[in-house]
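> What follows is the residue order along each chain.
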Amino acid sequence: MADGKILTINMGPHHPATHGVLRLVLELDGETIVKVTPHIGHLHRGIEKIAENMNYQQVIPLTDRFDYTAASLNNLGYCTAVEKLLGIDVPKRAQYIRVIMCELARIMGHHLWIGSHALDIGAMTVVFYTFRDREMIMNLTEEVSGYRLTPSYLRVGGLAHDITPKFIEDLRAFIKWFPTAVDGYNTLLTDNIIWRKRTMGIGTISAEDAVNYGFTGPSLRGSGVPYDLRKAKPYGSYEDFDFQVPVGDNGDVYDRYLVRMEEFTQSLNIIEQALENLPEGPVNVDNPLIANPQLDDVQEDISALIRRFKIQCQGPVVPEGEVYHAVEGSKGELGFYLVGDGTENPYRMKVRSPCFILVSALEKMMLGHMIADAISVIGSIDIVLGEIDR
Amino acid sequence: MVTLTIDGKEVTVPQGTTILEAARSVDIKIPTLCYHDRMSPIGSCRMCVVEIEGFAHPMAACTTPVEDGIEVATISDRLTRIRQDSLKLILVNHPLDCPVCDKGGECLLQDLTYEFGIDQVEYSAAKVDRDSQYASPLIRYWPDRCIMCLRCVTACQEIKGIGAISVKGDGYGAQVVTVDADKCQSCGECLQVCPTGALTEDLSRYKGRTWLIERVPTTCTYCGCGCQLELNVQAGRVMAVTAQDGVGVNQGSLCVKGRFGYEFINSDERLTTPLIKKNGKFEEASWDEALTLVADKFSAIKAEHGPGAIGGLTSARCSNEENYLFQKFMRAAVGTNNVDHCARL
Numbered sequence: 000m001a002d003g004k005i006l007t008i009n010m011g012p013h014h015p016a017t018h019g020v021l022r023l024v025l026e027l028d029g030e031t032i033v034k035v036t037p038h039i040g041h042l043h044r045g046i047e048k049i050a051e052n053m054n055y056q057q058v059i060p061l062t063d064r065f066d067y068t069a070a071s072l073n074n075l076g077y078c079t080a081v082e083k084l085l086g087i088d089v090p091k092r093a094q095y096i097r098v099i100m101c102e103l104a105r106i107m108g109h110h111l112w113i114g115s116h117a118l119d120i121g122a123m124t125v126v127f128y129t130f131r132d133r134e135m136i137m138n139l140t141e142e143v144s145g146y147r148l149t150p151s152y153l154r155v156g157g158l159a160h161d162i163t164p165k166f167i168e169d170l171r172a173f174i175k176w177f178p179t180a181v182d183g184y185n186t187l188l189t190d191n192i193i194w195r196k197r198t199m200g201i202g203t204i205s206a207e208d209a210v211n212y213g214f215t216g217p218s219l220r221g222s223g224v225p226y227d228l229r230k231a232k233p234y235g236s237y238e239d240f241d242f243q244v245p246v247g248d249n250g251d252v253y254d255r256y257l258v259r260m261e262e263f264t265q266s267l268n269i270i271e272q273a274l275e276n277l278p279e280g281p282v283n284v285d286n287p288l289i290a291n292p293q294l295d296d297v298q299e300d301i302s303a304l305i306r307r308f309k310i311q312c313q314g315p316v317v318p319e320g321e322v323y324h325a326v327e328g329s330k331g332e333l334g335f336y337l338v339g340d341g342t343e344n345p346y347r348m349k350v351r352s353p354c355f356i357l358v359s360a361l362e363k364m365m366l367g368h369m370i371a372d373a374i375s376v377i378g379s380i381d382i383v384l385g386e387i388d389r
Numbered sequence: 000m001v002t003l004t005i006d007g008k009e010v011t012v013p014q015g016t017t018i019l020e021a022a023r024s025v026d027i028k029i030p031t032l033c034y035h036d037r038m039s040p041i042g043s044c045r046m047c048v049v050e051i052e053g054f055a056h057p058m059a060a061c062t063t064p065v066e067d068g069i070e071v072a073t074i075s076d077r078l079t080r081i082r083q084d085s086l087k088l089i090l091v092n093h094p095l096d097c098p099v100c101d102k103g104g105e106c107l108l109q110d111l112t113y114e115f116g117i118d119q120v121e122y123s124a125a126k127v128d129r130d131s132q133y134a135s136p137l138i139r140y141w142p143d144r145c146i147m148c149l150r151c152v153t154a155c156q157e158i159k160g161i162g163a164i165s166v167k168g169d170g171y172g173a174q175v176v177t178v179d180a181d182k183c184q185s186c187g188e189c190l191q192v193c194p195t196g197a198l199t200e201d202l203s204r205y206k207g208r209t210w211l212i213e214r215v216p217t218t219c220t221y222c223g224c225g226c227q228l229e230l231n232v233q234a235g236r237v238m239a240v241t242a243q244d245g246v247g248v249n250q251g252s253l254c255v256k257g258r259f260g261y262e263f264i265n266s267d268e269r270l271t272t273p274l275i276k277k278n279g280k281f282e283e284a285s286w287d288e289a290l291t292l293v294a295d296k297f298s299a300i301k302a303e304h305g306p307g308a309i310g311g312l313t314s315a316r317c318s319n320e321e322n323y324l325f326q327k328f329m330r331a332a333v334g335t336n337n338v339d340h341c342a343r344l
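Keeping their order, the protein sequence lines are chains F and D.
Mapping of the first sequence onto numbering that gives the first Met the number 0: position 357 corresponds to residue 356, and the numbering continues sequentially without gaps.
Mapping of the second sequence onto numbering that gives the first Met the number 0: position 102 corresponds to residue 101, and the numbering continues sequentially without gaps.
Keep in mind the hints are simulated off the structure, nothing from the lab.
Beta carbons are placed, not taken as given, at the ideal position from N, Cα and C, and that holds for glycine.
There's no promise every hint is true.
Across the chosen pairs, the derived CB separations fall in these ranges [said to hold, decoys possible]: (1) D/67 - F/299: 45 to 55 Å; (2) F/161 - D/67: 53 to 63 Å; (3) D/319 - F/40: 52 to 62 Å; (4) D/39 - F/161: 47 to 57 Å; (5) D/99 - F/169: 35 to 45 Å; (6) D/88 - F/131: 55 to 65 Å; (7) F/146 - D/52: 54 to 64 Å; (8) F/293 - D/99: 19 to 29 Å; (9) F/141 - D/266: 45 to 55 Å; (10) D/88 - F/40: 52 to 62 Å; (11) D/276 - F/44: 54 to 64 Å; (12) F/299 - D/205: 21 to 31 Å; (13) D/95 - F/124: 50 to 60 Å; (14) F/276 - D/52: 52 to 62 Å.
Could you build the full structure based on these sequences and the hints that come with them?
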C-alpha cells in the first residue's frame with residue numbers, strides 16, 4: 000500500500016486454489032508477500048491413532064485416505080512396511096502388478112496436479128484433457144478393485160486378487176493412447192508464453208535449501224537433485240525396470256512442472272515394461288497365516304473358511320519390533336514407521352508425509368513475490384491435505 | 000519325585016503326574032483340544048502327542064504318566080504332521096458354519112486350525128446331514144459341528160456327577176444324546192466345556208458375535224453361594240451368561256438359574272420405580288414417597304400394637320453387609336427381635 004501499511008489477509012481454508020483445506024495467513028506490502036504462515040489440521044482425522052485399534056489388514060483402507068489422489072502408493076508404503084516387519088517376500092507377479100498400479104496412481108496424481116495447477120493460474124482447458132485421461136485410469140482401477148479413487152487393492156502379503164484379462168486389454172489401449180495425450184498437455188502449456196511468464200523464476204528454491212528443508216520427490220528434483228527412492232533404495236522390484244529420473248535446473252515453478260511432465264512418460268515406460276515382463280504365478284505369499292484363501296475354496300473347504308474367518312476377524316499376529324519403510328510417492332518420500340508388539344494390532348503407526356515438509360517451505364518460496372504468484376507456488380509443490388493432516 | 004527331560008529342559012514332578020502337567024509346570028505349551036483342566040484326561044483328540052526317546056510311536060501327553068529319566072520332545076516335524084492330520088480328520092465334513100456359528104471367534108477348533116496353518120483338507124467322507132436339535136429345552140445340539148471330544152459327557156459325569164448324557168452310535172453316526180432326560184438339570188456344564196459350537200445356548204442363539212461382546216464379571220444374585228459369572232453384554236443388553244474356568248467358589252460351574260435366568264434383566268415387565276396402591280390401582284411413585292409411606296405405616300403399627308407386631312425376613316440374595324444392616328435396623332430402629340433369614344436352616 001502506498002502508505003506502507005502491511006495488510007494481513009486470510010487465504011483458505013475454503014479457497015479453491017489451496018488444494019484442500021490449507022489456510023495461509025499472508026501479510027502483504029501492496030501486492031508483495033512479506034510473510035506467510037501456513038495453518039494446517041483442518042482435515043485431521045486421527046488415522047494414525049485409529050490404526051492402533053485395527054488389525055494390520057484393516058488399516059489398508061485408512062491409508063488410501065492419505066494422498067487420495069494416488070491411493071495405491073499409500074497402500075504400497077504401508078503393506079511393504081508390514082511385510083518387512085513380518086519378514087516375508089511377496090511373489091514376483093504381485094510385485095509387478097503393484098508396480099503397475101502404483102505408476103498408474105502416480106499418473107493419476109500428476110493428472111490432478113497439472114489440471115488444477117493450470118486451472119489456478121488461469122489455463123482452464125488443461126483440466127478437461129487430464130480428467131478425460133484420468134477417467135481411463137479410474138476405470139482400470141475399478142476393473143481390478145471395484146473402487147475408483149480409493150482401491151485398497153494391495154494386501155499385506157500380496158494383492159486382493161489377480162488382475163483380469165479385461166484389465167490387461169484396457170491397459171494396453173491406455174499405453175498406446177497416453178503418449179498422444181501427454182503431447183497434448185505439452186502443446187497446451189510447455190511453450191505457452193503466458194504459462195512460462197507465470198511460472199519461470201517464480202518460487203525458486205536452491206538445491207541446498209531444498210535438501211535442508213527435507214524436500215523429496217518432484218519438488219526436490221526440480222531443484223536439480225536426482226534423488227528418487229525407486230533408484231536410490233529400490234523396493235518392490237523397481238530395480239528390474241529401466242527408467243530415467245528427470246531433474247530441473249533452477250528449482251522454480253516451471254522446472255517442477257517440467258519434471259512432473261517428464262514423469263508421465265517415465266511412469267508409462269515402467270508400466271509398459273512391467274506389463275510385457277509380467278511373470279506368471281501366485282499373487283499372494285505362500286503363508287496360510289497371512290494370505291487370504293481363495294473365495295472358491297472358502298465356499299467348499301472348512302479349513303479355508305476358518306482361515307478366512309480368523310484372518311478377517313482377528314488378523315495375523317505380527318512379531319514385536321519396529322520398522323521404517325519409505326516409497327517414492329507421487330509427492331515425495333512417503334514413509335511408514337510401524338511398531339509391532341506381538342499382537343494383531345499395530346502398537347504405533349507414524350507417517351512421514353512429504354507434503355507436510357513442502358508446506359513448511361512455502362514462505363521461503365513465496366517471499367518477495369506477488370500475491371498472484373502464491374497460487375502458482377502452492378500448485379507447483381503439489382500438496383494434498385489428506386496426507387498432511389492425516 | 001520323578002525327573003525327566005522335556006524339550007531339553009529338566010523337570011522334577013511327583014510320581015503319577017502326566018507328561019502334559021509336567022510340561023505345563025515349566026511353561027512348555029503342548030496343544031490340546033479335548034483336555035480340560037477340571038476333568039480327568041479323555042485322550043480322544045490326539046493333539047497332545049509327544050515323542051518319547053526309545054518308543055517307536057508317539058504317545059498322548061495327557062494320558063501318559065511320567066517315568067524317571069525319559070526324554071520327551073513336544074515339537075518335531077513328525078508331530079506337527081500328526082497333529083495336522085488329526086485336525087484334518089476332525090475337519091472332514093465339519094459344516095461351513097463359522098459365519099453363523101455362535102462360537103465363531105472363540106472356538107478351539109478354529110484356533111488350532113489357524114495355528115497349524117491347515118490350508119486344505121484333502122480327505123473326504125460320506126456326508127451325513129443332521130439337523131440341530133434340543134439337547135434340553137435351553138441347550139441346542141448341532142451333531143454336524145460335534146467333534147466327539149467327549150468333554151460334555153465327562154463333565155456331566157465328573158464335575159456334576161449326573162451322567163445324563165452319553166454317546167450313541169459309532170463312526171460317523173455317533174452323536175451325543177441325553178440318555179436320561181429326567182436326570183438332566185439343564186445346568187449347562189456341557190455347554191461351558193464344549194470347545195466348538197456343537198452345544199449352544201438356545202436363548203441367545205444368533206444374537207451377537209463373540210468379539211462384539213463385553214464380558215462383565217459379577218456375582219450371581221440367585222442364592223447365597225456367590226458363584227462368579229460373566230455377563231455377556233452387547234449394546235447394553237445381556238446376551239448370555241458364562242463363567243470363567245477356575246474362578247470363584249464355583250470354579251466355572253453354574254446351575255440352570257445362574258446360567259439361563261438372565262432375561263429378567265432386560266425384561267420390559269421389570270419394575271423400575273416404586274408403585275403405590277391408590278384407589279385399588281398401582282401408581283408410579285418416587286422413592287421418597289414410597290419410603291415415607293412405609294416409614295409412616297411402620298410407625299403407626301409400632302405405636303398401635305408395639306414393635307413385637309413387626310417381623311423381618313431377609314434374603315440370601317443380599318450380601319452379608321446388607322443382611323447385617325437389616326437385622327440392625329430391625330433391632331435398633333424398629334425394636335424387635337423378630338428377624339429371620341431363608342438360609343438359617
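> Decide, hint by hint, whether the structure agrees.
Hints versus structure:
{"no.": "1", "hint": "D/67 - F/299: 45 to 55 Å", "in the structure": "holds (50 Å)"}
{"no.": "2", "hint": "F/161 - D/67: 53 to 63 Å", "in the structure": "holds (58 Å)"}
{"no.": "3", "hint": "D/319 - F/40: 52 to 62 Å", "in the structure": "holds (56 Å)"}
{"no.": "4", "hint": "D/39 - F/161: 47 to 57 Å", "in the structure": "holds (52 Å)"}
{"no.": "5", "hint": "D/99 - F/169: 35 to 45 Å", "in the structure": "holds (39 Å)"}
{"no.": "6", "hint": "D/88 - F/131: 55 to 65 Å", "in the structure": "holds (60 Å)"}
{"no.": "7", "hint": "F/146 - D/52: 54 to 64 Å", "in the structure": "holds (58 Å)"}
{"no.": "8", "hint": "F/293 - D/99: 19 to 29 Å", "in the structure": "holds (21 Å)"}
{"no.": "9", "hint": "F/141 - D/266: 45 to 55 Å", "in the structure": "holds (51 Å)"}
{"no.": "10", "hint": "D/88 - F/40: 52 to 62 Å", "in the structure": "holds (58 Å)"}
{"no.": "11", "hint": "D/276 - F/44: 54 to 64 Å", "in the structure": "holds (57 Å)"}
{"no.": "12", "hint": "F/299 - D/205: 21 to 31 Å", "in the structure": "holds (24 Å)"}
{"no.": "13", "hint": "D/95 - F/124: 50 to 60 Å", "in the structure": "holds (57 Å)"}
{"no.": "14", "hint": "F/276 - D/52: 52 to 62 Å", "in the structure": "holds (53 Å)"}
Going down the numbered hints, you'll see the structure goes against none, and every one checks out.
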